[in-house]
Amino acid sequence: MFLTVVDIMEILLQLIFSGIALGMIYAVIAFGYQLTFATSGTLNFGQGESLMLGALVGLSLVGTIHGGPYMSYLLMIPLVIIFGALQGMFVEWIGVRPAIKIKSEFGWIMSTIALAIIFKNVAENIWGKDDLTFPSPLSSTPFQVFGANVQPMQVAVIVGALAIMAAVEIFNRKSIYGKAVVATSNDRDAAGLMGINTSMVITFSYALSSATAAFAGVLVAPLTLTGATMGASLGLKAFAVAIIGGLTSGVGAIVGGLILGITETAAGYYISTGYKDVPGLLLLLLVLAVKPSGLFGKAAIKKV
Amino acid sequence: MDFKLNLLAAALVLGFSSSAMAADPIKIGVAGPFTGGSAPMGVSMRDGVKLAVADINAKGGVLGRQLQIVERDDEAKPERGVQIAQELINKEKVVATVGYINTGVALASQRFYQEAKIPVMNNVATGSIITKQFADKPENYIFRNAANDQIQSQMIIQEAVDNRKFKKVAILADSTNYGQLGREDLEKALDKKGMKAVATEKYNIKDVDMTAQLLKAKQAGAEVVLTYGIGPELAQIANGMEKLNWKVPMIGSWTLSMGNFIDNAGKNGNGTRMPQTFIQEPTTPKRKAFIDAYVKAYNPPGGRMPSPVSAAQGYDSIYLLAAAIKQANSTEGPKIKAALENLNEKIDGVVTSYNKPFSKDNHEAITADITVFGEVKDGKVVPVK
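As they're listed, the protein sequences go chains A and B. So the first sequence is numbered by the numbering used here: it starts at 28 and just counts up by one. So the second sequence is numbered by the numbering used here: it starts at 17 and just counts up by one.
If you're looking for bench data, these hints aren't it; they were derived computationally from the structure. You may find that some hints are simply not true.
[Unchecked claim] Among chain A residues calculated to face chain B with C-beta under 10 angstroms, some are:
#1 F44
#2 P125
#3 K128
#4 S131
#5 G134
#6 F173
#7 V177
#8 T251
#9 E291
[To be verified] With the C-beta cut set under 10 angstroms, the calculated list includes, among others, these residues of chain B facing chain A:
#10 L79
#11 E91
#12 E217
[To be verified] Pairs of lysine-lysine, BS3-like flavour, derived with a Cα cap of 30 angstroms:
#13 B/K393 to A/K156
#14 B/K376 to A/K156
#15 B/K181 to B/K393
Cβ atoms here follow ideal geometry from the backbone N, Cα and C, with glycine treated the same way.
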């Protein structure tokens, strides 16, 4: 089989496009991890489940499974974001606040994992254990970019992911509420002394975090299948992305997502589909060994 | 107080004796995945089994006793299958078990039945080695009434290479026991034609992106994609082809008839072909009665059975077993097994008419000439004309 240079470029481009779409989803979820880590030093290990719940609630609104469709895809998005925010607040209230109150170092880890499992079981009972099709709001016929095929929905995923991250960043930098978030992440105790209600800020960061994950859910759902188990592997991969990129850097989440997404599809093609997850995870180990705070992360100095 | 106690004791004794007076039902285990990606097959199989049991019980049961099924969801997980096998054998004391959708689950579970000398009728799982797992033992308790992978893979290769003259074939199989054993069978069948696949790719259950696998097949110049997997991921393959704007026919194992493939692939699934022992078309009076009864009893969405093959084979598995119990005039495992290997009665099933379907050395009821090709067309499977 002889391949021309054009062929080789086309394949590479195709792999990169697929990798970018996948990587941006990882990036949005990783971004969610960062939001709560910044304010409270805790993570929601049920981030994947927030995504799954967002996708399934979205499906109930625009799909036919619960007697719908009730509304269009665009109308559904704000509702899903609100749902995600409420779900995030619930996680913070039940799982994280008690642990922070008693200054437990690890209590929140088990409680967010426990909540994740409960959410998955609840979803299995409401939506069933089977994978469901999410109606695509855009045509699924691909168009050509330099010989590679791209679906409109893949572009929507990339644009949507960047937009939600930009929106959260602008909010944090420009609005007074956002400044409270930034202040809390810089120094929680000092912010508290300055009159900022830090526990409310932490609740708010959980709401933001799960809202972005829920939004990511309805973005990715038309490209994949929707079901109670869709969140687990996405949540885990995104966690790897957050570690690679650094838990304190928004740019890190995007770069980390792109790196993992593209290595996954490229390794599947050039090495073997049986080993497609390995190069990305090797990279994770390498980053942890060489720069534990992540490629873009600031090294945290912990005084004891 | 004493009086009340006596009354209670009397009631208890009476209760026990009256239940012992009526003949105990004959318990038959039903094991399969009723949830998850394999659920369309498991649920259809179970419902087919229930229909057969209801029919037989309405006619007075077997040996004057009613049949009673004990159903358990193995979730397509081998470890669940093992637990269920032990429960059905030791606690429920089943006379025989029908079921198994997933080859991996069957292989892990059925050794408990083999040791307990209780027959298993595999009515859906297709891995070629299932009935051969204990073939070297003096007594083999494992039977099957489903088209095994050897039959299916040969038919798939025949369809792709001989009938449709494809020269370059790609194989996409999932990484489960089912997918990988099926891939081996496909490669063997190709080998007999002196051919090799131009690309052989693997994917995991729950994979959502098939770009790498499909690109490799495309670059190798494949004219057809042969598949061994289950519904949801098969749909990802069909949809992935659309993503790459590359459309070649798909031919694969019978699972391409699963509802969750047809629904999730939508228009991308049209033209896909697979071997079938049963298609939801009323071609004979027996089949019409079966389809009508199924649709009436379970009212599947759109009147489409989730997996017609599984339902029909589930139905037939009970009739084969009932005939053997009747002939053995006993519910002891070794006697039922002996009767299965030498069935005198001709059994008119939904899939086919069984005339001495099993022997000592042959535990497979379905042969290649019973199996036909089906094609996905606008949301359902129709026979290939």
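Results for each hint:
1. Because the smallest distance between the Cβ of A/F44 and any Cβ of chain B comes to about 9 angstroms, under 10 angstroms, the interface hint for this residue holds.
2. With its C-beta approaching chain B no nearer than about 33 angstroms, A/P125 sits outside the 10 angstroms limit, and its interface hint is violated.
3. The beta carbon of A/K128 comes no nearer than 38 angstroms to any beta carbon in chain B, farther than 10 angstroms, and the hint placing it at the interface is violated.
4. Interface hint status for A/S131: violated, as the beta-carbon distance to the closest one in chain B is roughly 34 angstroms, over 10 angstroms.
5. Given hint, A/G134 at the interface with chain B, is violated; its Cβ is 31 angstroms from that chain's nearest Cβ, farther than 10 angstroms.
6. Interface hint at A/F173: violated, since its Cβ lies 14 angstroms from the closest Cβ of chain B, which is beyond the 10 angstroms cut-off.
7. A distance limit of 10 angstroms between C-beta atoms decides the matter here; for A/V177 the minimum to chain B is near 9 angstroms, and the interface restraint holds.
8. At a threshold of 10 angstroms, the smallest CB-CB gap from A/T251 to chain B is about 4 angstroms, leaving the interface hint in force.
9. Given hint, A/E291 at the interface with chain B, holds; its Cβ is 8 angstroms from that chain's nearest Cβ, closer than 10 angstroms.
10. Given the 10 angstroms rule on beta carbons, the hint for B/L79 is violated: about 38 angstroms separates it from the nearest Cβ of chain A.
11. Nearest Cβ of chain A to the Cβ of B/E91: about 9 angstroms, under the 10 angstroms cut. The hint holds.
12. Interface restraint check: B/E217 against chain A, minimum CB-CB distance 5 angstroms, threshold 10 angstroms, status holds.
13. Of the pairs offered as hints, the one joining B/K393 and A/K156 holds, with about 26 angstroms between alpha carbons and a cut-off of 30 angstroms not exceeded.
14. With a CA separation close to 41 angstroms, the supplied pair B/K376 and A/K156 exceeds the 30 angstroms bound.
15. This hinted pair checks out: B/K181 and B/K393 have alpha carbons roughly 22 angstroms apart, not beyond 30 angstroms.
Of the numbered hints listed earlier, those contradicted by the structure are 2, 3, 4, 5, 6, 10 and 14.
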